[in-house]
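Student: Sequence:
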Amino acid sequence: MELFFLKKENELKEIQQEIKTQELKIGEIEINIKNWKQYIQNIINYLKLIDTLKSLQNRISIANQDLDKLVTQFQDTEEQSKTLEKQQQSLQIQMNEVNEMNNQILQQFQNIDKQIGQINDRFDQVKTFQDYLIQFQTLTQQEKQSLEQNQQSTFLNFTLQEVLKKLQENEIYIQKLEDEQLESNQNLRTFNQIEKYAEKLKKQQKQLDQLTQNKLEVHSCLSKSHKCDQVCQICPNKICDKKAGHDQNQEHLCSEKDHKCNGKCDIRDCQSACWKSYGHEKQHNCQNDHPCNEKCNYCDKNCQTDRSIPHNNNHDCKDIYCNQNCSLCQRRCKDPHNKSRNQGHHFCDQQHYCQEKCDEKGICKIDYEIKEATWKSSISEFQYIKYIPKENGKQKCHFEIPNGKLKHDGKHLCKNDTDKQFHNCNQKCPECNTFCDLKYGHQGIHSSERHRNKENQIFTQKYGHLEQIQIYDSKDIIRKYQIGDSSEPETCDQSCKRRGKAHFHLVECKGDNLCLEQNQNFINKARHSTEKYVNFEEFNFDEVLCFDFWQYNQWSHPIQNEINNIRRCNYYCPLCYFQKKEYEFCELEAWHTKDNKISSHRFFCSEEHKKNQIQGINIAFVLDTTGSMANYIQMCKEIIKDIMKKAKSHKNIYGEALNVSFAVISYKDHDYPYQSSQKVLDVEDFTSENVIIEFLNKQTADGGGDSPEAVLDGLNASIKLTWVDKQYVRLLYLIAESPPHGVQYHNFQDNFPEGCPCKLNQKNILSVLWKKKIQFKILQLNESINGMISEFKKDFEDLEVMDPQNSDLVNSFKNLIVSDVCNYFVHNEITFQMKSCSQIDK
5 MELFFLKKEN ELKEIQQEIK TQELKIGEIE INIKNWKQYI QNIINYLKLI
55 DTLKSLQNRI SIANQDLDKL VTQFQDTEEQ SKTLEKQQQS LQIQMNEVNE
105 MNNQILQQFQ NIDKQIGQIN DRFDQVKTFQ DYLIQFQTLT QQEKQSLEQN
155 QQSTFLNFTL QEVLKKLQEN EIYIQKLEDE QLESNQNLRT FNQIEKYAEK
205 LKKQQKQLDQ LTQNKLEVHS CLSKSHKCDQ VCQICPNKIC DKKAGHDQNQ
255 EHLCSEKDHK CNGKCDIRDC QSACWKSYGH EKQHNCQNDH PCNEKCNYCD
305 KNCQTDRSIP HNNNHDCKDI YCNQNCSLCQ RRCKDPHNKS RNQGHHFCDQ
355 QHYCQEKCDE KGICKIDYEI KEATWKSSIS EFQYIKYIPK ENGKQKCHFE
405 IPNGKLKHDG KHLCKNDTDK QFHNCNQKCP ECNTFCDLKY GHQGIHSSER
455 HRNKENQIFT QKYGHLEQIQ IYDSKDIIRK YQIGDSSEPE TCDQSCKRRG
505 KAHFHLVECK GDNLCLEQNQ NFINKARHST EKYVNFEEFN FDEVLCFDFW
555 QYNQWSHPIQ NEINNIRRCN YYCPLCYFQK KEYEFCELEA WHTKDNKISS
605 HRFFCSEEHK KNQIQGINIA FVLDTTGSMA NYIQMCKEII KDIMKKAKSH
655 KNIYGEALNV SFAVISYKDH DYPYQSSQKV LDVEDFTSEN VIIEFLNKQT
705 ADGGGDSPEA VLDGLNASIK LTWVDKQYVR LLYLIAESPP HGVQYHNFQD
755 NFPEGCPCKL NQKNILSVLW KKKIQFKILQ LNESINGMIS EFKKDFEDLE
805 VMDPQNSDLV NSFKNLIVSD VCNYFVHNEI TFQMKSCSQI DK
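To convert, count from 1 in the sequence shown and add 4; that's our numbering.
Simulated from the structure, these hints should not be mistaken for laboratory data. The reader is advised that the hints may include incorrect statements.
With a cut-off of at most 27 Å between alpha-carbon atoms, the simulated BS3-like pairs for lysine-lysine come out as follows [stated by the list, open to error]:
(1) Lys-207 <-> Lys-247
(2) Lys-650 <-> Lys-730
(3) Lys-280 <-> Lys-207
(4) Lys-775 <-> Lys-724
(5) Lys-343 <-> Lys-299
(6) Lys-652 <-> Lys-601
(7) Lys-724 <-> Lys-649
(8) Lys-375 <-> Lys-398
(9) Lys-443 <-> Lys-419
(10) Lys-650 <-> Lys-724
Pair ranges (Cβ atoms, derived) [said to hold, decoys possible]:
(11) Lys-58 <-> Arg-272: 27 to 37 Å
(12) Leu-28 <-> Asp-270: 32 to 42 Å
(13) Lys-180 <-> Lys-207: 40 to 50 Å
(14) Asn-539 <-> Pro-406: 54 to 64 Å
(15) Asn-346 <-> Gly-448: 57 to 67 Å
(16) Asn-292 <-> Lys-207: 26 to 36 Å
(17) Gln-524 <-> Glu-804: 47 to 57 Å
(18) Ser-610 <-> Gly-709: 56 to 66 Å
(19) Asp-270 <-> Asn-407: 43 to 53 Å
Note that this is a predicted model, so its numbers are computed, not measured. All C-beta atoms, glycine included, are put in the ideal place defined by N, C-alpha and C.
Whenever a hint applies, use it, and build me the whole structure from the sequences.
Tutor: Laid out in structure tokens, this is it:
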């Protein structure tokens, strides 16, 4: 998050730098606009000059008419005619020049009219652009203030790319203005030429007037130039270039250059030189800007009206709009600039929406952002889905404020309630604090389709059951928790689904008659816990079945399609699990009984088990009674007796006595050399416990020469016993401390290294045991028979090896006999809310 804000802060600085650059360019554009205003003022003056030229043209036309009359009058006098002819020719030439100049002036007029139209269009565009810049600058100030107030959530209305784009457009536009300025300069040079022509026309007009006044009584001498011999009033060392005898009111000026007026500008406080021609009419003017230095009548800026223009204290800075900000936003007021000093509220021309919070009861918006998060603790790390509230709670009013008002009428509403959009109920899920999805003020129980993380709950267990919590998310992922860990990665709906049948939730017990166990509506649905839960020792709890817990809190169950399963008993048939490693659960409702006997529950598999019920057990012992067993024989006899006693005490799953019979085979070893008539076996077939005990008491440890013994003879005799085939469990125990004959079993001294001298084969014997479904177990007295065990496992994979030092040896057979006691699933995924769920009333 800090990196995010740092990045945004850098972006903000870049944008602020761009804004400063933009402000500088805006200043340059304002200067250009000012220059254009001056340029337009010059054009206006030129237009006035053009009007004067038009008037002069009319006068010339009248002079032409008078000249025609004069020519008629002078025809009587020959000398005067010659003189008149010469002058007429001269005047004709001048008139031709005037006509040609007139045509040029007319063409210039047309070009000027066209250019004035273009300039007016450009001026309108400049004015529009200036208004845009003012608005843009105002928006930029607003965005600056908005950014300073809330850097975490609000950004400039203009993105950096948009500002850069505007700057590029402005640069292109400025380039156009510069091109147009070059074109205008060319026009100015044309105007200057026109001005020269105008001066020349004025001189000719004076000559015509002089001729008229003198009635052509001009005397001519033999001088070639007929020039005035007076000194130039501007250049003391030059002679006047005008005709001799010119009007005495005309200044004496030489021809070296176009002389300008040498007077000072008549505008107050201006000392610049006059830019007009020498001897001009009206006041001197330098043609520079003469802005008024007084303050604007409507703001603190200086008046921009030129001092040469009388404005009678009507000072105006030329701003277009009111300089006050809108009372509802930071944009500039839409009123004219003369409203700037008005008291009260100002408003811009944009739409404004109410910023107040909704007044309607209930929750305006419920939305969550789903992200993948990582849970990490000292014992576990895994990924999980996290639901993050997104702008939930009260929203802004959606009404638009009428123009010219500070607020709308009526109360604030974020939306208009309809059947499809409405304010949600403000009640929260008792497990995950998710808001109810239904309309505020609805009837009936609360409901939500989006149960989220149980972030306000922690894992707990009863004292004495302090185990690690393991939740199997999938076959490969196990989520591990310790007591006291937050249950944030879990959701209440998935938790209930995992815990399944007959699971309960904790509800704080209110004591006495308010205890839920005493409530008639919660018979066999709630029970008071006398035990304490870790981290909540100060509370007393009632344990309430899942479905009834949600009903108690007036909430719809989060997983409707699992209700039937959750409400069922969690006891399972022990026989199904023993035979098929599958769970067959009781069909009745949860907590229908406190008895764990099979007869107290109802299983679908009961009839099948009655047909296939185990009727009894055959247990046979193959015992080594050679001399090397002297140290073990008595212990082995006691183990056999304990197993028989324990087996006789058990019953089947329906409480019926089992038919248990026992057999013992005692074997010695073959003498060397081998004699087939030697008796190496003593067999007592399946019989009662008492007969077997009597048989065992007669057995002694003697005989045997080498280390191996006649083990295969004893095992071969066991397959010949009278085993019961159907509905009996068949067990065979081999109790030995020496291997059979044959080098494959050992590396000891052996009188028959090629194997048993009576040609018995391990594979044949063990295959018969496998086919008869006899469970084969070896009681290993020492390590001498390790080789034998390895060889036997090659042909009997389910061979079980037992240690006589194991205290559970005599009870090892109990897993083969299913008792009448049912087991049930126990889930340790128990949570309780660490802090209370606050309800929102608004």
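Student: Can the suggested window of 40 to 50 Å be confirmed for the beta-carbon pair Lys-180 and Lys-207?
Tutor: With a Cβ separation near 41 Å, Lys-180 and Lys-207 satisfy 40 to 50 Å, so the hint holds.
Student: Given the hinted pair Lys-650 and Lys-730, is their Cα-Cα distance within 27 Å?
Tutor: Cα-Cα ~22 Å, so holds.
Student: Is the straight-line distance between the alpha-carbon of Lys-724 and that of Lys-649 27 Å or less?
Tutor: Holds, at roughly 25 Å.
Student: CA of Lys-280 to CA of Lys-207, is that 27 Å or under?
Tutor: Satisfied, since the Cα-Cα distance of roughly 17 Å is no more than 27 Å.
Student: Range first: 27 to 37 Å. Now tell me if the beta carbons of Lys-58 and Arg-272 are that far apart.
Tutor: About 33 Å separates the Cβ atoms of Lys-58 and Arg-272, which means 27 to 37 Å holds.
Student: Does the alpha-carbon distance linking Lys-443 and Lys-419 stay inside the 27 Å limit?
Tutor: Holds - the C-alpha atoms of Lys-419 and Lys-443 are around 13 Å apart, at most 27 Å.
Student: Take the C-alpha atoms of Lys-343 and Lys-299, compute the straight-line distance between them, and say whether it is at most 27 Å.
Tutor: This hinted pair holds, its Cα atoms lying about 16 Å apart.
Student: Would you check the hint for Lys-652 and Lys-601, treating anything up to 27 Å between C-alpha atoms as holding?
Tutor: 21 Å, holds
Student: Can you tell me whether the CB distance of Leu-28 to Asp-270 sits inside 32 to 42 Å?
Tutor: 37 Å, holds
Student: Holds or violated: Lys-375 with Lys-398, Cα cutoff 27 Å?
Tutor: 23 Å, holds
Student: With a cut-off of 27 Å on the C-alpha distance, tell me whether Lys-650 and Lys-724 pass.
Tutor: 26 Å, holds
Student: Determine whether the Cβ-Cβ distance between Gln-524 and Glu-804 falls within the hinted range of 47 to 57 Å.
Tutor: 55 Å, holds
Of the numbered hints stated above, none is contradicted by the structure.
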